[in-house]
Amino acid sequence: MAKTETEVKQVKGQKVKMTPSEAIVETLVAEGVKEVYGILGSAFMDMLDLLPTAGIRFLPVRHEQTTAHMADAYTRVTGIAGVVVGQNGPGITNMVTSVAAANQAHTPMVVISPSAGTPTVGWDGFQECNQVSVFEDITKETVRVTHVSRVADCLRTAFRIAYAERGPVLFDIPRDYFYGELEDKILEPYQYRTDSRGSGDTTQLDHAVELLKSAEYPVIISGRGTVDSDGIEEVKGIAELLTAPVAVSYMHNDAFPDNHPLAVGPIGYMGSKAAMNTLKKADVVLAIGTRLSVFGTLPCYDIDYFPKKAKIIQVDINPRNIARTHPIEVGLIADAKAASAELLKRLKEQVPNPEQKTDRLQEVTSVKEKWEEELVSLAMVDGNPINPRRALLELMKAVPEGTMISTDIGNVSSTANAYLKFNQGRKHIAALTFGNTGFAYPAALGAKLGDPNSPAVAIIGDGAWGMSLHEVSTAVEQNIPVVACVFNNNAWCAEKKNQVDYYNNRFVGADIDSPDFAEVARSMGAQGYRVDKPEDVGPVIAEAIKSNKPTVIDIQVDGTQLAPPFRKDALKMPTRHLPKYKHLDFENWGKE
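Numbered as in the numbering used here, the sequence shown ends at 1973 without a single skipped number.
Quick caveat, the hints were computed from the structure, so don't treat them as lab data.
Just so we're clear, the structure is a prediction, and the values are computed from it rather than from any experiment.
Check each hint, because a few of them may be wrong.
Straight-line alpha carbon distances no greater than 20 Å define the calculated SDA-like cross-link-like pairs of lysine to any residue that follow [as the list claims (entries may be wrong)]:
| # | residue 1 | residue 2 |
| --- | --- | --- |
| 1 | K1662 | Y1682 |
| 2 | K1949 | V1881 |
| 3 | K1751 | R1578 |
| 4 | K1654 | P1945 |
| 5 | K1617 | K1738 |
| 6 | K1654 | P1638 |
| 7 | K1778 | N1768 |
| 8 | K1949 | T1814 |
| 9 | K1662 | K1751 |
| 10 | K1521 | E1597 |
| 11 | K1594 | R1578 |
| 12 | K1689 | E1597 |
So the derived label-pair ranges between C-beta atoms look like this [claimed, not checked]:
| # | residue 1 | residue 2 | range |
| --- | --- | --- | --- |
| 13 | T1584 | E1916 | 58 to 68 Å |
| 14 | K1972 | P1700 | 30 to 40 Å |
| 15 | T1499 | K1398 | 46 to 56 Å |
| 16 | D1611 | E1916 | 32 to 42 Å |
| 17 | L1965 | T1584 | 24 to 34 Å |
| 18 | L1965 | D1894 | 24 to 34 Å |
| 19 | G1436 | R1887 | 35 to 45 Å |
| 20 | D1587 | V1513 | 39 to 49 Å |
| 21 | E1916 | P1570 | 48 to 58 Å |
All C-beta atoms, glycine included, are put in the ideal place defined by N, C-alpha and C.
Given only the sequences and the hints, what does the whole structure look like? Please build it.
This is the structure we're talking about:
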């Protein structure tokens, strides 16, 4: 087919006449965007009309909060920045929670944000809101289109910052700026952005190698950056050369293969005791692609495991994260894969015949086996009707290798940190430290769209499910075969555990009277199962995955078998001074 005049001019790099909507859509095409998530709105309808012809799928959802969770997971799976759009005013403000979550997750994303039309700004018109001010603190940048001629340029800037700073960027465009004419080039991404950081400063690399060579007990922490950069093989190489145990950072259980002999599992809340007891011994810690978050390094199981005297080598692509939470000996502002490859190369040159420390390998094997025995033992305690740990254990036995698993926030979802094991990257999609409920199911939908050939399973509590079950309609309508495993204990149990331990079993707002979620799912056109026997959990999950249909599994779990308080670091026993409340003081418990 002969090229059109426009296409010929674009190939030659000349400016062409187009509408702002065309400039936006062609920039999305150049960026490799395949899907845009949102809810139909008049503000961006001119752009929307172009998407099918451009080969971009518009994925309509039921609530705009879903959009950025889907885009977040899609990006974690594919590496391509997700794109969301909504109606000006309430459509965009509905995205605040999920955009904030993506921001703390360091996920590149572009929020196409139509705003009130320029002729009426300041008149409190219909659906008018100063969206830029709302999003300034929960994005890496807010880019405002100041003139129709700048539309493509501003969108390129949004993508440039999203990738370079690893997070969402608001692209704010007055709704009347979708119309009109402009002349511009449609550039390829390499012409306007690069986010390569290389392997880091040479002097710092030399220092890191010296520390690792001389370490008595080096331990590696592998994080999200290792996954995003596809650097797991390089981390394996360093670990094997040094016989260094490898832990994974909080809720990034896919950052190192669990079946590797040197893998010890995740640190952080409800992580692996094997990882924690190993990390305690480290004299040198190589932290690759992790910001070493405060919450993700807190004591757990009464183990204060993060070493106080170890020399830390921290590798992170963002200079803001270096030494932000823990003092370091060496900081490498670098891509995790590139830095790992360079460290491995230099170590091989300087340690050509490394000694295999068989005693350390045996030690790692021993602590892992001990921890695994404890996990199974805890899971096999009877529950009424099902011990949540048993359900998690059976889930992990049932899912095929390569399954993507998203996790929400809550008591069971957090307990899953100990049970989730992955041998490939880009498989664990967790809510992370923003900590909002309602993340896991939309995230599983986005992950499945990003990798249609891998099964997708969401682990969700019944409280969080109330915030996302409406998207079962989206899964059915768009034929996205995600399996939602709803752990139903009829309560907000993460908070209920606080009321057990800190408020003398006084339950306020904790209990939930849930419907039969399997029946609700069937009424929405999905498959629905209700499970109340532990031996049925695995077979039902396996059947649901095999069916390749949207499925909801209502798993009835014991609401009294709970993990330790989620925010033990931020809770205190209650004291009361006013006589009216004195009976609630912890010193008076049992005296009522």
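Now the hints, each set against the structure:
no.	hint	result
1	K1662 / Y1682	17 Å, holds
2	K1949 / V1881	13 Å, holds
3	K1751 / R1578	40 Å, violated
4	K1654 / P1945	14 Å, holds
5	K1617 / K1738	15 Å, holds
6	K1654 / P1638	17 Å, holds
7	K1778 / N1768	16 Å, holds
8	K1949 / T1814	15 Å, holds
9	K1662 / K1751	17 Å, holds
10	K1521 / E1597	40 Å, violated
11	K1594 / R1578	25 Å, violated
12	K1689 / E1597	16 Å, holds
13	T1584 / E1916: 58 to 68 Å	59 Å, holds
14	K1972 / P1700: 30 to 40 Å	56 Å, violated
15	T1499 / K1398: 46 to 56 Å	22 Å, violated
16	D1611 / E1916: 32 to 42 Å	39 Å, holds
17	L1965 / T1584: 24 to 34 Å	59 Å, violated
18	L1965 / D1894: 24 to 34 Å	26 Å, holds
19	G1436 / R1887: 35 to 45 Å	57 Å, violated
20	D1587 / V1513: 39 to 49 Å	45 Å, holds
21	E1916 / P1570: 48 to 58 Å	52 Å, holds
Checked against the numbered hints above, the structure breaks hints 3, 10, 11, 14, 15, 17, 19 and satisfies the rest.
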